[in-house]
Every structure is written in C-alpha cells, then in structure tokens.
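These protein sequence lines are chains G and W, in that order. The working numbering numbers the first residue of the first sequence as 1 and each following residue consecutively. The working numbering numbers the first residue of the second sequence as 1001 and each following residue consecutively.
It cannot be assumed that every hint is accurate.
These stretches of chain W come out as covered by chain G in the derived footprint (C-beta under 8 Å, 3 or more residues) [unchecked claim]:
1. 1174 to 1183
2. 1372 to 1384
Chain W is nowhere near these chain G residues, computed Cβ spacing over 10 Å in every case [as the list claims (entries may be wrong)]:
3. P74
4. D79
5. D151
6. K254
7. R363
Residues from chain W shown here face chain G by an in silico Cβ test under 10 Å; the list is partial [to be verified]:
8. D1310
9. S1311
10. D1312
11. T1313
12. L1314
13. L1315
No lab work stands behind these hints: they were computed from the structure. For each residue, glycine too, the CB sits at the ideal point set by N, CA and C.
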Amino acid sequence: MNTPAGRLRILVAMSGGVDSSVAAAMLVEAGHDVVGATMKTFCYSGEAAESRKTCCGLEGIRDARTVADRLGIPHYVFDVEDEFTRDVIDDFVAEYGRGRTPNPCVSCNSNTKFRDLMRRGRVLGCDGVASGHYARLDRGAGEPRLLRGRDSSKDQSYFLWGLPGALLDLLHFPLGDLTKSEVRSRARRLGLATADKPESQEICFVPTGDYRDLLAKRLLPTHPALLPGAIVDTDGRIVGRHNGYSGFTVGQRKGIGGGRSERYHVLEIRPEAREVVVGPRHLLEVGGVVVGGLNWLTEPPEPDRRLHVQVRYRSPALACTVAGSGGDGIELRFDEPARAVTPGQSSVFFDGDRVVGGGRIERVTDTPY
Amino acid sequence: MHITSSPIYLDHAATTPVRPEVAEAMSASLAEDFGNPSSGHAWGRRARRRLETARASVAASMGVAPERVFFTRGGTESDNLAVLGRLRHDLAEGVTPHVVTSAVEHPAVLEAAERGVLEGGRHTVIGFREGAFDLDALEQVLRDDRPGLVSCMWVNNETGLVLPIAEVGALCRRYGVPLHSDAVQAVGKLPVDWARAPADLLTITGHKIYGPKGTGALIARDFHALRPLHFGGGQERGLRPGTEDVAGASGLAEAVRLAVAEAPAESARLGSLRDEVEAGLLAGIPGARVNAGTVQRAAHILSLGIPGADSDTLLAALDASGIAVSGGSACASGSSAPSGTLAALYPGDTAAALRLSFGRLNRRRDAATVVRAVAEAVERTLALVSP
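Could you put together the complete structure from these sequences and hints?
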C-alpha cells in the first residue's frame, strides 16, 4: 500500500460508497489513526427522495456514518457548499453555457475533495487525506509520482490531473493496487453495509439525472445556451433545429434528427452562432488538440517531446508530440487521428503509467472538414 | 493540538446520563413488575400500581393532580400531541384550527404546526423585536383571531433563552386561549414552582434530566380538548394508546422528583460554572458574543456566536480534542444546519454557533480546561478555514 512507514492521522473522504468505505477500512487495518469525513456539497432539503440514487446525497452520509461506526472511527460532515458551488457547480454551468462539456469530478478533485478537505483536516491535526480513487502514489524516490490504478478497467487517474502538486505528498489512495471485485469482496469480508451498493453513475449535484434541469435553474432563460438554434452540416446548410446547444456534446447522435443514409454525429458546437454542426462519423477525426488550464505534476514538457494523452475517461491514451506551448496552453499533434475530442473535457498527459499533467481541451486542430 | 486529559461532556442540553437513583428505580420495575397494566390479574395489578405510583410522583413534583399526567414516548411526542392533537380536535369540532407559536420553538412543535397547515389549519409565528419576544404581536393575534392554541417554550434549547412565559400566560388567559409550553429545558434547570405554571399543557421528558430516553409526559389540564395521534388501545385514557412503559415511567418519576428538588442548588452551581467559562471565552475569542446574552437565560446553556468560523470544522476539532459540544442545531445530514432560533434572534447573521451545555458531569475545576481547549480550537479553525 502507498503509505509511508509510521502511524499517521488521516482524513478519509467517505461518500458512503463501497470504494471509500474500503479505503477507510484499509487505513484502519494498516494501523493509522483514521478520521472519516463526508462533504455536504449542496443542500439536500426536499431532495431526500430524489438524491437516494447518487452517492453524495443524504443516504450517502448515513451510509458513510454507518461504516465509520463499524470501523470505530469518528465521522464528520463538512458543509463545503460555498466552495463546491463556486469551484464545481458554477464552473459546470459556465462550461455548458459556452458550448463545452465539463468534467465536474475533475473540478471537485482539483479543489474541493482534497484541498478544501485537507484544510479542514489540518484543524483536526491530520497529516494527510485519503480517498477511494483507483490510482496509485509511488513514493519510492524523490517526489511522489501519481500513477494509474492497477485495475485498468477502474483506473481513475484521469480525474486527478488537477491535484495541486504540493498536496501529492499528503495523499493516500489505498485502493490503487486492487480491482473492483477485490474491493467488493473486502467490503463483504469486513461486513460493510455498502458492499453491494451499485456504482454511482450520476453527477452528485444533479439529482434528477438530467444536467439540463440544473442549467435551466441556474442560467437565465435568455442565455444563448438555452435558446433554439440551427443544426447545420459542414457546408453550413441547415438540416434541423435544436432547443439549446447546451443539450449537445461532440460525438452525440441523439437529438439531431435521422433519416440519412449515414448516421450523423455532433462534430462541433458554435455558441456564438448557436449552431450545432453535424456530420458523418469519419469527420469526428482530428489531428491535434490545444489544451488550456494546465496543471503539471512534473516539469512541463519541451516542444517535440513524445507523450501519451487521454482525451476522455475510459479511452486509451494516444501517442502524440508536443507541437508547441506558450502561456497557459499546449498544442499536441496525434500520431493517428483521434475521434470525438471534445472542448471542455480533460486531456490528461501520461508518461507510461505516470500522470505528468493535464488540462482542458480548448479546441481541436486539423479537422477533416 | 491540545487534547484534554479526559474528555469533557458539555452537551447536557442534547441528553444526559441516567443517574443511579433513576437506574435503580427502573431496574426494580423491570425485575419485579413485568405485567401488563391493562391485565386484570395479579401481575397486571402490580404493574398498574407501579405505573400509577409513578404518575402520582410526577404529579406531585409538578404540582398537579395525577389525572393530568399523560405518559408519552418523549418530548417530541408530547409536543406533537399538544399541537396536532389540539389542531385535530378543533378540526373535528368544525373550527378552523389555528396554532400560534414562537419563532424559536423546537422542530417538534414547528413541524407539527406546519403539518397542521397541510391538514387545513393555520400557523402563525411570533418573532422577536430587539431581542425580546414580541408580546404585542402575540396580543394582536390573540385579540383578532382567538387561535385554538399558543405554543411557547419555557427555555430555548439552543440558547438557554427564557421566554416570558408569565406574560404569555397572562395574555392567553385574558383571551381565553390555551397555552402549551415545551418545558424540557426548564424542568430541573430553573427553580420554578410548577404548581403555579401558567400553562394548560406542559411537555416534559426524562432524558434531559438524567432519566431514561423515550419516556416523557404531557401534563394536560383538559385532555378532552386533544385528539390522540395513535390508535389501538385505551391506555392513558385513549390519549396515548399502547402498552405502557412502566419502567420508563418509574424512571421518569424519579428523575423529575430529583430534578425539581435539586433545581435551585444545581442551577446556582451551573450558573457560576457557566459564568466563569463565559467570561474566559469572551476574553479569549476576539469578536465572540453570547447569543441571547442580553435577556434572561437558563444557567445550563451557553451559546456563543463566533463570526467567521466554520461551524462543522470547529465542532470536529473540539471533538478531536475531547470536548463534546454542539453547533446551531444538527440537520438531518449531520452537518450543522442554519438555526431557526438564531435566525429569529439575529436575522442575516452568519456567525458560527457553539453551544456548551452544563450539567452533573461538570465541575468548577473543568472551567479553565474548557476555556483553553475551546479558544484554541476556534483559533485553529479561524486560521485554516475561512468560509
């Protein structure tokens, strides 16, 4: 396990799900002084029934407390609503407003879950903070290295590129060497109430399961992202109408009309014209990408450096070359054309298993149309 | 971090440990009289005798006739029964039910009144003006609307604020409106001659006064003016059906007896402890204020307002250093929820609330330790988390 020798006082982020429950249990078994914490990220009043399905709702808090009681560790609920709203929800809404597709879990990991929790942990005398992410920290030599989780089907390092580098040394990912089924069987062996809880798939602050409900609540009704517009093909011909470009993401097939010999996909969203551009699948392939909002967990790479980049969760890392960098951005050229590269999504840079950094996709380059 | 040598429990307003005399009364009842008080045989008679002895004891302590004491399963149930029971009575009588409450009532009163709104009733909330309960507003409602019930607690559980129950009682009498008072934080905490209580309905409970959890009573002048909330038996004259908890009633009786008898001395003792802690904390925490500090307060509760502090973190830090306190009020999530009481007293204020509540587990010599630990936890919280 990725913990340095010696007993530490560790704050564990517990959502009530099976992963963080087992993470807490493993730290207890390893002899650490463990404190459980659940973040209250938004107000649950009146949403108790709706939020039952998501992992961070009221039900999750109760589950986390039950597990903590079973492990014999204290458990606290921290109201982080202000910080979470500012750093995660507002950003999520703004990104959709700009026609992009955000990764809110990345914003939460980059800000709330570790930085804000660690600030609270320090008040409680904690030396570190842990979570149930499937990722590893290699503390072998020198600076800690963030690595992919051993279980490639569960690896969540993609969501962790935004971690403040200074925090790495304080983090613990006890599940990094385990597979999901090992985690579940550990949970059962420990008699944890959450052992057979289903995976949460939804966004924790979207209890209805449809993010457009949230946008409708938080954007003015006159916001361009919510207004009707044209669906156009790559020649600019209007081929349909839509009820707001915020309902679309690159690669999507739903909502753009059928009746063609070839299936069409969303290729691009043009917020300034309120246009959704569609076309056949092969037009989704692009040659390069410009990534902004960078965070490096190593020295930033020089031009011509070879890297691997993962442009969405659960997709393979693609070989690429650094074509240029400057300011807050970097341009990468893929060895082979890449499909469905979506502005707003995270681009995560790997050197083998090691996360070297990441950023948000600003735009694609070298498009086929 | 400073960790106190032994943990200090400063949450007596949340609950208290059962005292030995109470445990003894309860175990005698459990061991000897398991019978069902409704049974006609010898076992039933013995249980019934013990139950009625307990009722007579509670009645004597509270200065009322035994037939006014109705055992319930605790404060929440007594509050619900007083408010909703009255409301449903009025509804059945064809009167539009109308319940008037203070803004600082326990949720067991406020949510029962809101439930009553769903059932066709009205709920009027009387707030505070310049820190004082708005008696003028109350009088206006009483005069204009003749509501079916006023519910005004005796001592507020979050701040220790003592409501002007004598004045409220006089107004209610003048307009012929029954008064309910939740007295769970007053019995045993204030030196009160309960025989002279100006309330028609009183809620009391065992676990705030070193008695058992899950046992309380509603003391009712006229139980015909209430409808039951439970059905299925004739126990407690049909007002609270269900086989009686004889041991609980015995424990409650002993707890009330001791609490009322000891209230003058204990409130004086806790008052001086509270004053010492209060002075120390006000000196040690810049900007701190005492909530409801300008009005009469019960001796066992000290509620501090600490501007700029993160309430959840502060409570966790205190727990980590061995001090058990509570925040504004616990919300369902376990995080601190915005307190209705503090919102009524300090509209728009965002200071973190810290409630220290004193009792039998505390000694004068703890004061310095408490002051040091709390001041230090506040300092750490303010330094590292600014919301």
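Tested hints:
Proximity of the segment 1174 to 1183 of chain W to chain G, defined as three or more residues with a beta carbon under 8 Å from a beta carbon of that chain, is not established by the 0 residues found. Here's how the segment 1372 to 1384 of chain W fares: 4 of its residues keep a CB closer than 8 Å to some CB of chain G, so the rule of at least three is met and the hint holds. Remark: the non-interface label on P74/G conflicts with the geometry, its nearest Cβ contact in chain W lying 6 Å away (cut-off 10 Å). The Cβ of D79/G does not lie farther than 10 Å from every Cβ of chain W; its closest approach is about 4 Å, which violates its non-interface assignment.
Its beta-carbon lying about 32 Å from the closest one in chain W, D151/G satisfies the requirement of being farther than 10 Å from that chain. Distance check for K254/G against chain W: the nearest CB is about 35 Å away, which clears 10 Å, and the non-interface claim stands. Every CB of chain W is more than 10 Å from the CB of R363/G (nearest about 36 Å), matching its label as outside the interface. The closest approach between the C-beta of D1310/W and any C-beta of chain G is roughly 7 Å, which is under the 10 Å cut-off, so the hint is satisfied.
A hinted interface residue such as S1311/W counts as satisfied when its beta carbon comes closer than 10 Å to some beta carbon of chain G; here the least separation is about 8 Å, so the hint holds. For D1312/W, the interface hint holds, since its Cβ comes within 10 Å of a Cβ in chain G; the closest pair sits about 5 Å apart. With a least beta-carbon distance of about 5 Å to chain G, the hint placing T1313/W at the interface is held under the 10 Å criterion. For the restraint placing L1314/W at the interface with chain G, the shortest Cβ-Cβ distance is roughly 8 Å, inside the 10 Å limit, so the hint holds.
At a threshold of 10 Å, the smallest CB-CB gap from L1315/W to chain G is about 8 Å, leaving the interface hint in force.
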